[in-house]
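> Chains as they are written, first to last, in the numbering used here: chain C, 1209 to 1490; chain X, 1209 to 1490; chain H, 1209 to 1490; chain E, 1209 to 1490.
Bear in mind the hints are in silico, worked out from the structure with no lab data behind them.
Just to be clear, a hint being listed does not mean it is correct.
Below, a sample of chain H positions facing chain C; criterion: calculated Cβ distance under 10 Å [to be verified]:
no. : residue
1   : ALA1374
2   : ARG1403
3   : THR1404
4   : TYR1405
BS3-like, lysine-lysine: derived pairs with alpha carbons at most 27 Å apart [claimed, not checked]:
no. : chain 1 : residue 1 : chain 2 : residue 2
5   : C       : LYS1281   : C       : LYS1323
6   : C       : LYS1358   : X       : LYS1358
7   : H       : LYS1281   : H       : LYS1240
8   : H       : LYS1311   : E       : LYS1358
9   : X       : LYS1448   : H       : LYS1423
10  : X       : LYS1448   : H       : LYS1448
11  : C       : LYS1314   : C       : LYS1365
12  : X       : LYS1314   : X       : LYS1358
13  : E       : LYS1448   : C       : LYS1448
14  : C       : LYS1448   : E       : LYS1423
15  : H       : LYS1448   : X       : LYS1423
16  : E       : LYS1311   : H       : LYS1358
17  : H       : LYS1365   : H       : LYS1281
18  : E       : LYS1358   : H       : LYS1358
19  : E       : LYS1311   : C       : LYS1423
20  : C       : LYS1311   : X       : LYS1423
21  : E       : LYS1278   : E       : LYS1423
22  : X       : LYS1311   : C       : LYS1358
Every residue, glycine too, gets a C-beta built ideally from N, C-alpha and C.
4 protein chains.
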Amino acid sequence: TIEHLFKEIFKAAKELIEEDQLNALLVSRQKKPNDTIVHIGDIEIGNGHQEHIFGPCSVESYEQVNEVAKSIKAQGLSLLRGGAFKPRTSPYDFQGLGIEGLKILKQVGDEHGLKVVSEIVNPNDIETAHEYVDVIQIGARNMHNFELLKEAGRASKPIFLKRGLAATINEFINAAEYIISQGNGQIVLCERGIRTYETATRNTLDITSVPILKKETHLPVFVDVTHSTGRRDLLLPAAKAALAIGADGIMAEVHPDPATALSDSQQQMDIPTFESFINELR
Amino acid sequence: TIEHLFKEIFKAAKELIEEDQLNALLVSRQKKPNDTIVHIGDIEIGNGHQEHIFGPCSVESYEQVNEVAKSIKAQGLSLLRGGAFKPRTSPYDFQGLGIEGLKILKQVGDEHGLKVVSEIVNPNDIETAHEYVDVIQIGARNMHNFELLKEAGRASKPIFLKRGLAATINEFINAAEYIISQGNGQIVLCERGIRTYETATRNTLDITSVPILKKETHLPVFVDVTHSTGRRDLLLPAAKAALAIGADGIMAEVHPDPATALSDSQQQMDIPTFESFINELR
Amino acid sequence: TIEHLFKEIFKAAKELIEEDQLNALLVSRQKKPNDTIVHIGDIEIGNGHQEHIFGPCSVESYEQVNEVAKSIKAQGLSLLRGGAFKPRTSPYDFQGLGIEGLKILKQVGDEHGLKVVSEIVNPNDIETAHEYVDVIQIGARNMHNFELLKEAGRASKPIFLKRGLAATINEFINAAEYIISQGNGQIVLCERGIRTYETATRNTLDITSVPILKKETHLPVFVDVTHSTGRRDLLLPAAKAALAIGADGIMAEVHPDPATALSDSQQQMDIPTFESFINELR
Amino acid sequence: TIEHLFKEIFKAAKELIEEDQLNALLVSRQKKPNDTIVHIGDIEIGNGHQEHIFGPCSVESYEQVNEVAKSIKAQGLSLLRGGAFKPRTSPYDFQGLGIEGLKILKQVGDEHGLKVVSEIVNPNDIETAHEYVDVIQIGARNMHNFELLKEAGRASKPIFLKRGLAATINEFINAAEYIISQGNGQIVLCERGIRTYETATRNTLDITSVPILKKETHLPVFVDVTHSTGRRDLLLPAAKAALAIGADGIMAEVHPDPATALSDSQQQMDIPTFESFINELR
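Can you make the complete structure from the sequences, with help from the hints?
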């Protein structure tokens, strides 16, 4: 019928426009064909060499972070992570040390010459974060917190943006666009698993999102093997797959004594495990 | 067999403990057996009578909101919704009129004697919102925005909390706990569909979440039939199912001219459709 | 670009064809606007009156089935279900009594004047089934077993077809088409919940599939409240929602002593619960 | 706290028991610690060397299969696939050439000295299949077709078992147990993507299922990169990831002229693409 034909033409036009819109995004590779390199001091992410980010889920104490940092340094690595503001399902779970945590992280980073990455959850804390962290992380639960994304877009620090718990790749790309649209194009995307029916792993690592994100955008792409799998025994295989498929780096959690960790105790590596993990990856 | 017996004992014990934790929550019905009634002026939600919330997806103009408000009033209803801060996938989509939108909403509400509901997305705007809205909505994309939840918990207005895009019921209950733990127990929960593989509907309406939420918590539960289905032809059947299963009310979007709406044009009802919708529900 | 335009035109054409194909299906309401009534002896399904199907998950013994049948009869109902061939996840779980089970079911049905429904899992058993059952059920795990569907299409008994564990509505409709395309149009569709990330229920009851299926096809639509929820406490609310949204009937499991049931012990109703369930539904 | 301790004990105990059950399976690595090697003539799968399976989605003609076979042979590979019985969503889609297709496949295999793999969908055809194929494939839609699995368990040919569309890893392992429990332990497992909300790919490749399956069972594990991604541009990256994470081989579809293919035209490789794919993998 004619009506039907019109409907179809409109639909086609709508899709055409959507694709055009995607290509028109500032993060789109159509818009900027060459890879974006993210600069963290003199460290480069996305230049073809792989860089990795390790550290405890939560900053718990100077000693704890220091022990991990020593090991990271000893492995010749440069980036340290640690959570100070922890978004937790229950309000009664450990919520992180806050600014105190950031201070510890910075002190340890400075002492070992490591650059530090930490998650910020409140738009009001982005400015303060500049004093303490080298990279501002936006976590999975906040990928759709557009106020936070916009504030991150006004920051002068690189942003490490994790994919939402059940975000589509298209939504993920648009979240990055919220940041770049405010002026900050120093963004690392991080696949961290998506929510599915499968319970053998904490989330389902959507490994092919890596080549898709690298094709659609010019941004570096990391894989968080800790949260995507939630299983220590899968960290190394997942990391190998991630690097084989083209990820620019791996994020994983390391804790001196995972059993006593205040969060994510089931999935963090202890230091000897971390060291053999790194050796196996090389 | 012995093995089986052990298994059952362990299962029971595990569930017992999980239940204990859930029962210890302030929102839990174990903690407070009788229904919470949410007061919006002299309107009561959760008292056994059904109350519904209608209005446009976005506040676009005084005339637009006014036209919908007239119809709501004519139907003998009391609650008007309208979005002023719109969380949109793309930063280039219409983001709402902001404070201007809240002002229009308040003006129209005052003129017609309707109480108004609007979404707040930034913790910093919760305070300002008190001047303009009667109910503060936390949208699906912000259900895991714990900073916003905590701020809502310090508000003196009722909170209308939507389930996250892919949140479990347990996470949804804990999000409400973030609010009540800060002192504000005037919370309405709203099921709005979850993300699944099915594409015939925008989301999959998880209808049995309604009796589960009413069993586990003492809070009133609404169903947003617009976002759960994303289809005008399903609004009425979904609403009938929601009321039959025990929902305290329905939320749905109404726009004087959906085809020209700045957001959600495919799923809003026009005014005659709205009127017949209401008649059918009675 | 021209290339792009062509691509879009092709896409539109493809969708046009798909929609045409859907409308061209024999099960489509476009093809046959009036409701199909399924005849089971002198019982009619889909004629505007609601009929329900109850009975144990598995046929275990004459006594067990008989006890349930008595109660069904006492409630003035006409349809009895019971599984003889049980598709179980593990090969070491109870697999059903097979033909013996069908014989018990038939005997009990005959004695009480009830029509019986049972699942067939092997194309080779369809013919034999004609001797024992009044309705042949195709279970969720076999919705994509096209050889079985085709054989069911050559049967002279009505088919009760359940939606697959993670089937789309479109796939479900096409599964029915496999049956009708072989000549058998006496088909009842049954929504039984879909697999999602949510674990509070065994599956997620996709309640809006009911009006969609009734709009797209001319077949009667049931809701299996047992398998969709997996929780005794949700059977009644789910049934109320299903009937409110337009289902032609409910399927639910009833067992004289659920705790000792050889399958699905957590979710079957005992007889007093069943009786109050029926009373509440009326 | 005491409560916490109890919780951990219960958790541990529960997992222990579940693990015991899993470990008691014949496919379990606990039961048989060393890797199963599947023998297809003198080809070995699972011996540490990678073997791959290529060929058209459907057998369409002698010429078509022959052209692909020549290329496979020229690449020094040994295994050819081709579908003769095609499980298709719609009954009006091309259903395969049936026995004629198997004959073509066998003839081409014989001429080029390739072993052939083809899907069987009806328990009644398993016996006949022995004359024509070297490996019997059970497809994703039939992973829960237990009658077919049992019949495959009585076959004297190796079985190539694909994971169901939305099967859990536990269900997948139990499906293999259905086969081995009937006597046939020559089974290759194949991850082929799972159904999720993400639409950028046809399915979501659950890459970490590979190390989990290799840890839990002693069977070889393949990855079907064609159906998991549904995108030609992702075949090579997905294959690299699969091999890096420990897969024993890759399955992918190759067609002399994908655009005219009777099924899966969007995702098959043409022959030059296939040749460069193989070169890149080495």
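> Run every hint past the structure and note whether it holds.
Here is what the structure says about each hint:
1. ALA1374: holds, 8 Å
2. ARG1403: Constraint on ARG1403 (chain H) satisfied, holds at 5 Å.
3. THR1404: Holds, about 6 Å.
4. TYR1405: holds, 5 Å
5. C:LYS1281 <-> C:LYS1323: At roughly 11 Å apart (the allowed maximum being 27 Å), LYS1323 (chain C) and LYS1281 (chain C) satisfy the hint.
6. C:LYS1358 <-> X:LYS1358: holds, 20 Å
7. H:LYS1281 <-> H:LYS1240: Cα-Cα ~35 Å, so violated.
8. H:LYS1311 <-> E:LYS1358: holds, 24 Å
9. X:LYS1448 <-> H:LYS1423: Given that 27 Å is the threshold and the Cα spacing comes to 17 Å, the pair holds.
10. X:LYS1448 <-> H:LYS1448: Status holds; Cα separation ~10 Å.
11. C:LYS1314 <-> C:LYS1365: At roughly 15 Å apart (the allowed maximum being 27 Å), LYS1365 (chain C) and LYS1314 (chain C) satisfy the hint.
12. X:LYS1314 <-> X:LYS1358: Holds. LYS1314 (chain X) to LYS1358 (chain X) sits at ~25 Å (cutoff 27 Å).
13. E:LYS1448 <-> C:LYS1448: Cα-Cα ~10 Å, so holds.
14. C:LYS1448 <-> E:LYS1423: holds, 16 Å
15. H:LYS1448 <-> X:LYS1423: Distance ~16 Å between LYS1448 (chain H) and LYS1423 (chain X) Cα, so the pair holds.
16. E:LYS1311 <-> H:LYS1358: Given that 27 Å is the threshold and the Cα spacing comes to 24 Å, the pair holds.
17. H:LYS1365 <-> H:LYS1281: Distance of about 22 Å is within 27 Å: holds.
18. E:LYS1358 <-> H:LYS1358: holds, 21 Å
19. E:LYS1311 <-> C:LYS1423: With a Cα-Cα distance of about 42 Å, the restraint between LYS1311 (chain E) and LYS1423 (chain C) is violated, given a limit of 27 Å.
20. C:LYS1311 <-> X:LYS1423: Outside the cut-off at roughly 44 Å; violated.
21. E:LYS1278 <-> E:LYS1423: violated, 36 Å
22. X:LYS1311 <-> C:LYS1358: holds, 24 Å
Hint violations for this structure: numbers 7, 19, 20 and 21, all remaining hints satisfied.
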